[in-house]
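J.: Protein chains in written order, with my numbering: chain A, 50 to 283; chain B, 5 to 753.
Read the hints as simulated data drawn from the structure, not as lab findings.
Where hints are given, some of them may not hold.
[Claimed, not checked] Below are the DSS-like pairs computed for lysine-lysine, each with C-alpha atoms no more than 27 Å apart in a straight line: (1) Lys50/B <-> Lys11/B; (2) Lys715/B <-> Lys727/B; (3) Lys457/B <-> Lys188/B; (4) Lys188/B <-> Lys53/B; (5) Lys188/B <-> Lys326/B; (6) Lys11/B <-> Lys53/B; (7) Lys579/B <-> Lys186/A; (8) Lys186/A <-> Lys457/B; (9) Lys428/B <-> Lys186/A.
[As the list claims (entries may be wrong)] Chain A is faced by these chain B residues, among others (derived, beta-carbon under 7 Å): (10) Ala152; (11) Asn156; (12) Cys157; (13) Lys246; (14) Leu247; (15) Gly335; (16) Tyr338; (17) Arg433; (18) Asp436; (19) His437; (20) Gln438; (21) Val439; (22) Val444; (23) Gly448.
For each residue, glycine too, the CB sits at the ideal point set by N, CA and C.
So you can see what is in the structure, the chains are spelled out below.
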Amino acid sequence: MRFGIVRFPGTWSDLDCFHVLSEVYGQDVRYVWHRETDLSDLDCVILPGGFSYGDYLRPGAIARFSPVMGAVADFAAAGKLVLGICNGFQILCEAGLLPGALLRNNHLQFRCQWVYLRVENTETPFTLACVQGQVLKIPISHGDGNYFADPETLAELERTGRVVFRYATPAGEVTPEANPNGSVNNIAGIINRAGNVLGMMPHPERASEEVLGSADGRYIWDSIIRWVDGRNPA
Amino acid sequence: MDATLLKQVGLTEYEYGLVVERLGRAPNHLELGMVGALWSEHCGYKHTKPLLKMLPSAGPRVVVGPGEENAGVVSIGDGYVVALKIESHNHPSAVEPYQGAATGVGGILRDIFTMGARPIALLDSLRFGPLSLPRNRYLFNGVVSGIADYGNCVGVPTVGGEVFFDPAYSENPLVNVMCVGLAKADRLLRARTGRPGDLLILVGAATGRDGIHGATFASATLGAETEALRPAVQVGDPFTEKLLLEACLELAESGLPVGLQDLGAAGITAAAVEAAARGGHGVEIDVDRVPRREAGMTPYEVMLSESQERMLVIARPEDEAKVGAIFEKWGLNYSTIGRVTADGLVRVLAGGEVVGELPVRLLTEPPTYRLEGRPLPEWIERRRLDLSALADLRLFATPWDSSGAPVVSDVLIRLLASPNIASKEYVFRQYDHQVLVNTVVGPGADAAVLRVKGTSRAIAVTTDGNGRFCFLNPYVGAMIAVAEAARNLVCVGAEPIAATDCLNFGNPERPEIYWQLEEAVRGMADALRALEIPVVSGNASLYNETEGRAVLPTPIVGMVGLIDDLSHVCTPGFKAEGDLVVLVGPPPDGVDPASALAGSEYLSLVHNQVRGEPDIDLDLERRVQLTVLEGIRRGIIRSAHDCSEGGLAVALAECCIHGGIGFRDWAFEPGGRLDAALFGETQSRVVVSVSPGQFARLQELARNFGVPLTKLGIVGGQRFTIKGIVDLPLGVLAEAWRQGLVRALEGAS
Numbered sequence: 050m051r052f053g054i055v056r057f058p059g060t061w062s063d064l065d066c067f068h069v070l071s072e073v074y075g076q077d078v079r080y081v082w083h084r085e086t087d088l089s090d091l092d093c094v095i096l097p098g099g100f101s102y103g104d105y106l107r108p109g110a111i112a113r114f115s116p117v118m119g120a121v122a123d124f125a126a127a128g129k130l131v132l133g134i135c136n137g138f139q140i141l142c143e144a145g146l147l148p149g150a151l152l153r154n155n156h157l158q159f160r161c162q163w164v165y166l167r168v169e170n171t172e173t174p175f176t177l178a179c180v181q182g183q184v185l186k187i188p189i190s191h192g193d194g195n196y197f198a199d200p201e202t203l204a205e206l207e208r209t210g211r212v213v214f215r216y217a218t219p220a221g222e223v224t225p226e227a228n229p230n231g232s233v234n235n236i237a238g239i240i241n242r243a244g245n246v247l248g249m250m251p252h253p254e255r256a257s258e259e260v261l262g263s264a265d266g267r268y269i270w271d272s273i274i275r276w277v278d279g280r281n282p283a
Numbered sequence: 005m006d007a008t009l010l011k012q013v014g015l016t017e018y019e020y021g022l023v024v025e026r027l028g029r030a031p032n033h034l035e036l037g038m039v040g041a042l043w044s045e046h047c048g049y050k051h052t053k054p055l056l057k058m059l060p061s062a063g064p065r066v067v068v069g070p071g072e073e074n075a076g077v078v079s080i081g082d083g084y085v086v087a088l089k090i091e092s093h094n095h096p097s098a099v100e101p102y103q104g105a106a107t108g109v110g111g112i113l114r115d116i117f118t119m120g121a122r123p124i125a126l127l128d129s130l131r132f133g134p135l136s137l138p139r140n141r142y143l144f145n146g147v148v149s150g151i152a153d154y155g156n157c158v159g160v161p162t163v164g165g166e167v168f169f170d171p172a173y174s175e176n177p178l179v180n181v182m183c184v185g186l187a188k189a190d191r192l193l194r195a196r197t198g199r200p201g202d203l204l205i206l207v208g209a210a211t212g213r214d215g216i217h218g219a220t221f222a223s224a225t226l227g228a229e230t231e232a233l234r235p236a237v238q239v240g241d242p243f244t245e246k247l248l249l250e251a252c253l254e255l256a257e258s259g260l261p262v263g264l265q266d267l268g269a270a271g272i273t274a275a276a277v278e279a280a281a282r283g284g285h286g287v288e289i290d291v292d293r294v295p296r297r298e299a300g301m302t303p304y305e306v307m308l309s310e311s312q313e314r315m316l317v318i319a320r321p322e323d324e325a326k327v328g329a330i331f332e333k334w335g336l337n338y339s340t341i342g343r344v345t346a347d348g349l350v351r352v353l354a355g356g357e358v359v360g361e362l363p364v365r366l367l368t369e370p371p372t373y374r375l376e377g378r379p380l381p382e383w384i385e386r387r388r389l390d391l392s393a394l395a396d397l398r399l400f401a402t403p404w405d406s407s408g409a410p411v412v413s414d415v416l417i418r419l420l421a422s423p424n425i426a427s428k429e430y431v432f433r434q435y436d437h438q439v440l441v442n443t444v445v446g447p448g449a450d451a452a453v454l455r456v457k458g459t460s461r462a463i464a465v466t467t468d469g470n471g472r473f474c475f476l477n478p479y480v481g482a483m484i485a486v487a488e489a490a491r492n493l494v495c496v497g498a499e500p501i502a503a504t505d506c507l508n509f510g511n512p513e514r515p516e517i518y519w520q521l522e523e524a525v526r527g528m529a530d531a532l533r534a535l536e537i538p539v540v541s542g543n544a545s546l547y548n549e550t551e552g553r554a555v556l557p558t559p560i561v562g563m564v565g566l567i568d569d570l571s572h573v574c575t576p577g578f579k580a581e582g583d584l585v586v587l588v589g590p591p592p593d594g595v596d597p598a599s600a601l602a603g604s605e606y607l608s609l610v611h612n613q614v615r616g617e618p619d620i621d622l623d624l625e626r627r628v629q630l631t632v633l634e635g636i637r638r639g640i641i642r643s644a645h646d647c648s649e650g651g652l653a654v655a656l657a658e659c660c661i662h663g664g665i666g667f668r669d670w671a672f673e674p675g676g677r678l679d680a681a682l683f684g685e686t687q688s689r690v691v692v693s694v695s696p697g698q699f700a701r702l703q704e705l706a707r708n709f710g711v712p713l714t715k716l717g718i719v720g721g722q723r724f725t726i727k728g729i730v731d732l733p734l735g736v737l738a739e740a741w742r743q744g745l746v747r748a749l750e751g752a753s
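Next up, chain A with everything else stripped away, as it sits in the complex:
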């Protein structure tokens, strides 16, 4: 399989995602420049973290208009996997590929810290290696991660199991104290209706090697690789 990592001007987790997929996993991976429109060689596109276009105006608001995003929408419509991390999640919401929005953190400060995520749905291509209710230790690093959706959308997300990750305590309890940014229902990651586009604020690429403090992010990469390999038998 082949991963593509999108680089917008101002993206900075591109190098980190590339490192994990290429050095830790030995996967075939290439960068996708924001002006590119042909993604036909890829199985999974990653929209990494950073400050695309400086996050000027609003995080993701400018990036959604870049040429590559049209191609990403077609790619998603074709059922291929799209993973938006941090700024990538914000861009997916701005682009309408995921519902809701990421507001300024409720305490108005940037937060870089380890958080614990409870896996709410293991029947997605991004979490099939996890067990229901498993707790993953993965860090966040954002100023605008406060997930918000209108009540109808929220109810639908909850009803259809599209909330994939929730901020929780290390023991897996979903509490207000475990919520680092004010996200509604402690939501840390959601998936689209078709189940192939996932957005999450935490950074799995920063938790993919024990030496950095956690390797729990590997459950996500393992899931993706297993899912794609299952559909493209060698």
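Once you have looked at the hints, place chain B on chain A.
T.: Just chain B now, kept in the frame of chain A:
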């Protein structure tokens, strides 16, 4: 000569005379402005250059030494080099804390990627007045958000630094930023002209009227009129910086023979002149070709603007298109603004006419001053500390004891909650400290540790400096700053390999300030020699004073250490129940109490005094560091933490808090003063823990290096206990330490 004009450009009558003499004519307005900027203390190091020669700068790992380039460079093996530099942005931050600090980060980042090195770590050394004053809270919050917003957007992790509060910094906060970069040795770039005919290409942000006279402003004392200087503070754009960073690294990777010089203080003038001086050439600049942010700018404004996020590229004419293509890819504007000449002159053209022409050497060789320093008598008097007048600690408060003497447990809790000691998590959680996935040990430990991908190695980074010690004795205080930085690196298992320094002082034209400066540089030099660590870069920020009130003399030492094997990284937290806790270095009450308490946080917080004469034995320091480093490398030591502010009791408590586990079984019988033993800040001490079976090996190691060891107690439980002296739940101490800074911020509002 018009005195107002001279004051505006920051030159003295004498200096103006020198210019006229060397030039053989009077300079015009533009030329005068260029000389003023480059002869400012900030650019020209008029008062510090002769002193900085004292610092050792040679060593087997040194690739680029101080003053040669925008940053120093040392080799770390496996074909990799590390670039490092620290720089101040004190004056701008005092006037406009958010932009002042933000552009401080931007400037130091450019110093590093100018070398072709990818910035992999930022550290901030900050000093403020007490948070009880509203203005200090404004400065503190502004500086922290400025650093956060800039560093986070650019995507370089902020992994360490320190924050310290003292009334002497109330009007003049210190904002020192250190950056460390990583490069392949064969991809390093130089900031110099290549050969005559090469092109000068200006890339990045357009040039505006911001920051004009910034270098001059940074070389003057602050006063009532300072608010009016806010326009001299530059405004940062981290997004453009990020694009510049990536484009410059792509340029370095391209292998094209280019020189790169960033634009900082004194803008185009300093960048072009410094590159020409290094290359031994001249330069010709056509200001009409400089992209402007606003119409009607004069050549003077264009040449001296300090607009941020700009870079000067020196490229061969045949490579112009290739260089341009890289900048176009990153969406950056660029323009060829001039060329390298052979005549050793900097020539400025406007409207096809020569509007200024000066010898490069005139600009880069300002007069230097060696003054006669003399301490104030009351400073020397401060070294006397009469302990008989200070009540020692008592164990309990009892109704019948009206002595008012401090109680041990209360003091321990108060010290842990003091903003100078309390956790700085409130600050560093606002900084991305993990991006680039190298952070093995993040902020909060003795030093941060970053792995070097593709090798088994890691580097450790830290900054240190104690203005109170330096105030009481600048020579000894500066030695302690060096020793403590090195000790911090050793505590995480790293061998110190290079230093960078930032000298933060008042007005050096005053004999007492010059004395502090000279003594401090001498102390740094002696300590660096004793510990065999070269200085490879540095910066001086003088004139940190307002209406005659100077900051504490504060030399900040930034240091990089090398860890050969990533499996031997050590952290401060206690690890396991039953481990022995051992003090490496002078025993708890084995030193003179007056020197132990000199300049201590305890003395300041509890007795409201900054007095005494701090002391350090560099030979013992070196042997203590060797013992700890070897102990970590051989897998004997499981945790290590430097004893610094708050002394031994605070260090022990911090080891417990970091490890989430208690301490017990220390039967301490003080022979002298209890406060000096528990809270004295005697140097050259490290608290380590070892499994009981390893103690004999630690003893042998210490014996070989001639270093005293004291067995203190045992790791375990959830209480912090010194038999008969302190017995507190760990949770109480942890709460005080974790919440101290936030409470000081909130309680004050």
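J.: Going straight from one Cα to the other, do Lys188/B and Lys326/B come out at no more than 27 Å?
T.: holds (22 Å)
J.: Tell me if the straight-line CA distance from Lys715/B to Lys727/B falls inside 27 Å.
T.: holds (14 Å)
J.: Hint check: Lys457/B vs Lys188/B, CA-CA at most 27 Å. Holds or violated?
T.: holds (12 Å)
J.: Please check whether Val439/B passes as an interface residue: C-beta within 7 Å of a C-beta belonging to chain A.
T.: It holds, given that the least Cβ distance between Val439/B and chain A is near 6 Å, below 7 Å.
J.: Against chain A, run the beta carbon of Gly335/B and see if the smallest gap drops under 7 Å.
T.: Nearest chain A Cβ about 6 Å off; hint holds.
J.: Go through the hint on Lys246/B and say holds or violated, using the shortest Cβ distance to chain A against 7 Å.
T.: Result: holds, 5 Å to nearest chain A Cβ.
J.: Report holds or violated for the interface hint on His437/B, using the least CB-CB distance to chain A and a cut-off of 7 Å.
T.: Nearest chain A Cβ about 6 Å off; hint holds.
J.: The hint names Leu247/B as touching chain A; please verify it with the least Cβ-Cβ distance against 7 Å.
T.: Hint on Leu247/B: holds, closest Cβ of chain A at ~6 Å, below 7 Å.
J.: Can we keep the Asn156/B interface hint, with Cβ of chain A closer than 7 Å?
T.: holds (6 Å)
J.: Tell me if the interface restraint on Gln438/B is satisfied: Cβ within less than 7 Å of some Cβ in chain A.
T.: It holds, given that the least Cβ distance between Gln438/B and chain A is near 5 Å, below 7 Å.
J.: Within a Cα-Cα threshold of 27 Å, do Lys428/B and Lys186/A meet the stated pairing?
T.: holds (22 Å)
J.: Given Asp436/B as an interface hint, is the shortest Cβ-Cβ distance to chain A below 7 Å?
T.: Because about 5 Å separates Asp436/B from the closest Cβ in chain A, which is inside the 7 Å limit, the hint holds.
Consistency with the previously given hints fails for numbers 4, 16, 23, ordered from lowest to highest.
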